[in-house]
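There are 4 protein chains.
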Amino acid sequence: MNPKPLKVAVIGGGSSYTPELIEGFIKNYEQFPLQELYLVDIEAGREKLQIVGELARRMIENAGVPIRLHLTLDRREAISGASFVLTQIRVGGLDARAVDERIPLQYGCIGQETTGAGGFAKAIRTIPVILDICKEMEELAPEAFLINFTNPAGIITEAVLKHSSIRTIGLCNLPIHTKMQIAQLAETDPANVDMEMVGINHLNWTRNIRINGVDRTEDIVRMFDNASGLSVKNIPDYKWGDGFLASLGMIPCSYLRYYYLKDKMLKEQQEALKVKGTRADAVKKVEAELFELYKDPELKVKPAQLEQRGGAYYSEAAVDLITSIYNNARNIQVVNVRNNGVIPCLGEDVSVEVRCIISSEGATPMMLSGGPLPAEIRGLIQVVKAYEELTVEAGVNGDYGSALQALAIHPLVGGSSLAKAVLDQILAENKPYLPQFFK
Amino acid sequence: MNPKPLKVAVIGGGSSYTPELIEGFIKNYEQFPLQELYLVDIEAGREKLQIVGELARRMIENAGVPIRLHLTLDRREAISGASFVLTQIRVGGLDARAVDERIPLQYGCIGQETTGAGGFAKAIRTIPVILDICKEMEELAPEAFLINFTNPAGIITEAVLKHSSIRTIGLCNLPIHTKMQIAQLAETDPANVDMEMVGINHLNWTRNIRINGVDRTEDIVRMFDNASGLSVKNIPDYKWGDGFLASLGMIPCSYLRYYYLKDKMLKEQQEALKVKGTRADAVKKVEAELFELYKDPELKVKPAQLEQRGGAYYSEAAVDLITSIYNNARNIQVVNVRNNGVIPCLGEDVSVEVRCIISSEGATPMMLSGGPLPAEIRGLIQVVKAYEELTVEAGVNGDYGSALQALAIHPLVGGSSLAKAVLDQILAENKPYLPQFFK
Amino acid sequence: MNPKPLKVAVIGGGSSYTPELIEGFIKNYEQFPLQELYLVDIEAGREKLQIVGELARRMIENAGVPIRLHLTLDRREAISGASFVLTQIRVGGLDARAVDERIPLQYGCIGQETTGAGGFAKAIRTIPVILDICKEMEELAPEAFLINFTNPAGIITEAVLKHSSIRTIGLCNLPIHTKMQIAQLAETDPANVDMEMVGINHLNWTRNIRINGVDRTEDIVRMFDNASGLSVKNIPDYKWGDGFLASLGMIPCSYLRYYYLKDKMLKEQQEALKVKGTRADAVKKVEAELFELYKDPELKVKPAQLEQRGGAYYSEAAVDLITSIYNNARNIQVVNVRNNGVIPCLGEDVSVEVRCIISSEGATPMMLSGGPLPAEIRGLIQVVKAYEELTVEAGVNGDYGSALQALAIHPLVGGSSLAKAVLDQILAENKPYLPQFFK
Amino acid sequence: MNPKPLKVAVIGGGSSYTPELIEGFIKNYEQFPLQELYLVDIEAGREKLQIVGELARRMIENAGVPIRLHLTLDRREAISGASFVLTQIRVGGLDARAVDERIPLQYGCIGQETTGAGGFAKAIRTIPVILDICKEMEELAPEAFLINFTNPAGIITEAVLKHSSIRTIGLCNLPIHTKMQIAQLAETDPANVDMEMVGINHLNWTRNIRINGVDRTEDIVRMFDNASGLSVKNIPDYKWGDGFLASLGMIPCSYLRYYYLKDKMLKEQQEALKVKGTRADAVKKVEAELFELYKDPELKVKPAQLEQRGGAYYSEAAVDLITSIYNNARNIQVVNVRNNGVIPCLGEDVSVEVRCIISSEGATPMMLSGGPLPAEIRGLIQVVKAYEELTVEAGVNGDYGSALQALAIHPLVGGSSLAKAVLDQILAENKPYLPQFFK
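Protein chains in written order, with UniProt numbering: chain A, 1 to 439; chain B, 1 to 439; chain C, 1 to 439; chain D, 1 to 439.
Everything labelled a hint here was simulated from the structure, so no lab data went into it.
Hints are supplied without guarantee of correctness; some may be wrong.
Repeated chains share a single entry, so a pair holds when one copy, or any two copies, can fit it.
As a list, the in silico SDA-like pairs of lysine to any residue whose alpha-carbon atoms are at most 25 Å apart [as the list claims (entries may be wrong)]:
| no. | residue 1 | residue 2 |
| --- | --- | --- |
| 1 | K262 | Y107 |
| 2 | K439 | G243 |
| 3 | K264 | I235 |
| 4 | K48 | Q35 |
| 5 | K4 | N192 |
| 6 | K264 | Y400 |
| 7 | K274 | D237 |
| 8 | K48 | L94 |
| 9 | K27 | V301 |
| 10 | K420 | N226 |
| 11 | K420 | Q436 |
| 12 | K27 | E307 |
| 13 | K4 | E218 |
| 14 | K420 | E218 |
| 15 | K27 | G401 |
| 16 | K276 | D215 |
Since we're looking at a predicted model, the values are computed, not measured.
Only chain A is shown next, with the shape it has when bound in the complex (with noise of 0.2 Å):
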């Protein structure tokens, strides 16, 4: 591609997942030269940082490529220069998960980190972060490709397209998860499978299913309606109704488990509450373990234990596309772009997930092959689109009464009173993260 040498930056690079990315270059290494690589952290993720930070050195030295790594806080240095800029961060960590999973349950509400109120805490959050970051790109790296992939990743790629002029793809690994399900029912190898996935991120369908070019997806449905295991690891694996998928002839994303079955979804998260805490809290536990075995100076591998951990495929679908990127290698992959049209009914500016060329010049969408969203569909994506516009917009301005009107039309919140007492209780225990809100 150019001349300067090849450089990525991870920010969140202290995360528990980045021995998945170090593989990821790793195997990656011949197609995609990477020779600086940054991982960068804040000073609160210091020590975490150190001790994956370590790990990924021996990993890349058992692997003997020459890859120069690097560990740091200074993000300036981390993303100056660089081709490619990861963002894998969780703005209040942890902890603050937990309270985007508990508020909304208080109220009767799905209490979920990426859908529902639960995410729209971890947007308000990220936005201002991110697009720090952006500024950064702009003046030190403006021909780099932002590759987000922190959630909620279609409202955080949104408000980098609206708020800034760096190039961006969000990520998410739902779109191979779905595949590599598909492949599995057809028992046929993931390279096999055409299909066509439509919406938004994490409120999505896939249709026009192909395996070796014949159109099977009438068949695939219907498996998919009586199979078992075909949720991602996060989210309940109940089955979504007599009948409901052949009617509507498209596989749903596992996350709209919270909208279709939103009553068996909520009683379910509500009993888990009482019994084992949030989500966020057993993850705090698997990520404990992991840095415990990150430390052993012994491991110079990704320990299988990671696969446990929930976002499987990420990293190879980060790796993926930066490398199909820089080699120009006009593949298809399903990630987060503008939608400039692509789905007519929702707005120009707005982020989509779609089937996309990945190529030098970034991701460009393929028109859909399956026409128009079907008003079976269209009308959820179009009501949860103006919810995440709403939330960009709050995001950025920190204004309360966008805040307000978003919530208060999402399918997993909604009405007026409702979102009001949600909001407060948001923004009351998110004050830290929110400088927007409180100026």
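Using the hints, position chains B, C and D against chain A.
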């Protein structure tokens, strides 16, 4: 307009509302020199038609206008050669309405005759009948306007727009009602009020309020937030919530209380059901009393009690509309018409409720002077419109899948299993009226 | 509308048309109680302003209306606090117009002051001046309406819409002219005529013609094909061609003769140029005679000779428009406004000439009742609009490339080398008026 | 793809181009294991079919691939059960082409077989035939792809898209030609070239040119402005004009010389006509020579002389396309498909020529990575597309009015009287081929 005798057919002529219509025709006689007025009803309504028809005859005689009145059960005769066909039918009568209001409540959903699952049931009962009427019009009065005020007016209008060549305009009394309320708050004559009402039937908002040409929106919105007595008769007058309207900057129509104040409204309905039965039960009593009054041979004008009935301004709106068309009046009225891009975030071929110029062409929408719909209201309109589109499809084709998906995405129902349960009971209890589902 | 004195500023007040405007203000005084009327002009127009101003004063006195008249060269004073600013300027005067008409003819192209290369030259001379006026308005009268009838009115309106916050309406006399012609053919009063005019300024078509509410389109179109005397004053009255209008089903505006009858019109122009010079030369004579008339201290009304001048109905249209805004009249007028999707095959932000409701809001477009533009006229409108967009860009930024591309695609110029030759000569001969190109 | 034998039908199999196709099938045999190849022609082409068919047989035998070749005049037999139907027909043969090229020149218009009035004539001759083929396909091979490279390919493709259920892709050799030229200028392999071609068939522009992933647009555009030999064979290689391409920022396709350099091209054509007759006359000679060559029983490969013939890369493009569909290749090719919003300023249902992903689904367009069409090229595309839409309508329905309006707006004809004269002569001289006009 043309030399043939001016003829109007009122389908559902035996309605208790008819005296209002008659009063309207009498008042407007000079501008709208009606010659042939047909009141038509079905066999089951024969007695009511007789009673209300006799009253109508006395009213016309008393007024001394040369309108020739015909009472008939022969719909084809009534329609043949008419310039305007008005539909105020209620398929299944008030008994069916009681069912519409009761079933959703059994499942913890809002039970309302025009919106939610109740409105859905009413829609699929009405669509086959209205399309039969249209077929007769295509044959016997292809140039006539169909003025529909049967609820859910938006869905019924859309069914006609999509499945018939007949020119139709859907009518609701909410727009005129809202204008009256604004006039009252602003202490002015309704003629001095300009406002932009946007959205779809029973799901719309009023913005850009001018009094004598001066923008008073902010002001009036604040008054609405605080004032009492501003809901339509059949909807409890709950407040919208502290500052909610101010941050919205618009006045929601009364029916939006079912969305914004769902929990409160649901509770009220559930309690009311126990104490006094459904709203249909209450209306039955009122109707019985009205028909007793109508029988009085000395009654020669519209009885004052009719105004208590609920549908205030309906007939005024209807007669104003057809008088304006007849006289090519080029005035502004809010009615239900084909979208055609007025609300660009909805499909071209759906029905919307917007400001129109009324002339001999019919209703030509004005562009939105307040710009595209803001996210605050856009998403709700879109998701409910998606429900409406699926309902039209289900109502026309009797397609179970479309019906299921319609209810699964409606904000007042929602979810796959709940939708299925509610739908199955609706189908079971409405079987005689749903030939399209039980072929 | 508001309590401050009602003030109007007329920029280019020294125009020979001004007596018509004055007559309009006098006639409409009751509905539009104008208090302060400023006629403003530039130094070069001082004498004309004096002459026409004195006539205006005599007319006002003679009519006995209490309008206070001010003649000034101080534009800021004229604009400050005005409710309406009218622009009827001619940058470079009739000499520049003569150049506009001559240059294209030298290259075998139509030479016309509003369309083709001549209109282009006039546009780029006028844009900097109109935007200066807007800047002053933003400071001194931000709530005022700018009513522009300087040609090319569509391009000038678009420049203001895109580059200023001032509310503007572009005005042309063609719509009222066409209505008059239709009324004459149908032997009825213009008030009984409804018609849909669609397109952009000086490139529009009339369809859906109703007389007293009855569709007479086919009929009237046929009459237009055959009748004489139906072109505006300054355009030769050539027939459209056997059956051409019938297959089109619409009436093209007179200026469309330059497109549909290009060869004939070009020949006529080339011959006229030899024999009698440009149209500008003829107008100069008329103007000189008019000003002689105006000097007569006994003249106290608009002289009949002015109506021979060409711009019939302009002032009537202008005074009607501002009276309607002032009185919130909610009537229908065809004016130039922001598209906003009324003509969906054009950009949102361009100017179009369509039916609007005139109220205190300004001009709110009506949707096209005749449906989207048919292919027969759509392509021409689109290619000329593309030319207009490039011309606005060139006129604002002085961008040579945009100017070149504008002329290269104009149907009355066309081609890269011809465009370059014409453009270079236009720039050379208009240098004093094109600061944006000669920075 | 499926178990039935892989069959291809070539309509117009007697064309002199056929050896290229055969060569393509032979080269690609491994990826595209063609079993049954039908060459079909009409009675008038019997002899040519025999000659070229025998050569094809020798080529196949010589190559040793097990393709079974069938020569037939029975189109239904050829189509039945085919997976791909290729159309390379020429209705009326080269004699008709000569007429197409001559008539416009008689009226001072560009005479060209694919664009302007000549292309119009060819289109209305071809449309009835292609729709007949589609009807047979609907019956005998409803799942087959129709790959059309009969010109004007954009119009023919649009006629099929609008009036048939058959999946079709229109093919032109300009895209591959342009890529080759860019590769040559950039001194690289065509596989390293990425470019975005936008527009409609024979009216498109190339932008966003990347060599090995690096943007080189400005650079390459400048080279095009100055280089020689970059037009396709049959179009004179005139320069675009000083700096014209630079200010455009894109490379126009060769056919755009007829628009941008109309006067020069017209003059050249008029002179050529006098000296050497039409291009059709020249081609006739070449064809006669080719068929002489083909008769040689020792000839067993495609003769080198065929490459001089003009349509370079056509067969390569065609065979690449069907091989890619068959193998679900997911690669990028520029073809003619239904717009569906890829170019938002054109109708949804028209044909456009854009980058597509080729897979077993057919051709799925990529969104424009360079954004919406700039005004510089948008207007031309729109006006020519409007002409094309009217031409499709005229070609299908034989509607004189649509035909007249089509020519009246075409930039290379234009005007009502000229259009009428040209049209009347086209109809008169093509009567035997225009059953739809002479019913």
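Hint check:
In this homomeric assembly, K262 and Y107 come within 25 Å of each other (Cα to Cα) both inside a single copy, at 14 Å, and across copies, at 14 Å. In the homo-oligomer, the alpha carbons of K439 and G243 lie at most 25 Å apart only across protomers (20 Å), although the nearest pairing inside one protomer, at 52 Å, exceeds that limit. Only within a single protomer do K264 and I235 lie at most 25 Å apart by alpha-carbon distance; the minimum there is 12 Å, versus 31 Å between protomers. In this assembly of identical chains, K48 and Q35 lie within 25 Å of each other by CA distance solely inside one copy; the values are 23 Å within and 63 Å between copies.
For a Cα distance limit of 25 Å, the shortest separation of K4 from N192 across copies, 21 Å, qualifies, whereas the shortest one inside one copy, 37 Å, does not. In this assembly of identical chains, K264 and Y400 lie within 25 Å of each other by CA distance solely across copies; the values are 24 Å between and 31 Å within a copy. Taking CA atoms no more than 25 Å apart as the test, K274 paired with D237 passes inside one copy only; the shortest distance there is 20 Å, against 38 Å between copies. In the homo-oligomer, the alpha carbons of K48 and L94 lie at most 25 Å apart inside one protomer (14 Å), although the nearest pairing across protomers, at 69 Å, exceeds that limit.
With identical chains, the CA atoms of K27 and V301 are at most 25 Å apart within one copy only, with a shortest distance of 12 Å there and 47 Å across copies. Taking the shortest Cα distances, K420 and N226 sit within 25 Å of each other only across copies (17 Å), while inside one copy they are farther apart (40 Å). In the homo-oligomer, the alpha carbons of K420 and Q436 lie at most 25 Å apart inside one protomer (18 Å), although the nearest pairing across protomers, at 44 Å, exceeds that limit. Taking the shortest alpha-carbon separations for K27 and E307, only the intra-copy value of 17 Å comes in at or below 25 Å, while the best inter-copy value is 46 Å.
In this assembly of identical chains, K4 and E218 lie within 25 Å of each other by CA distance solely across copies; the values are 22 Å between and 50 Å within a copy. Taking the shortest alpha-carbon separations for K420 and E218, only the inter-copy value of 21 Å comes in at or below 25 Å, while the best intra-copy value is 43 Å. Neither within a single protomer nor between protomers do K27 and G401 lie at most 25 Å apart by alpha-carbon distance, with minima of 48 Å and 47 Å respectively. Taking the closest pair of Cα atoms, K276 and D215 never come within 25 Å of each other, the shortest separation being 44 Å inside a single copy and 55 Å across copies.
Of the numbered hints given earlier, the model fails hints 15, 16; all others are met.
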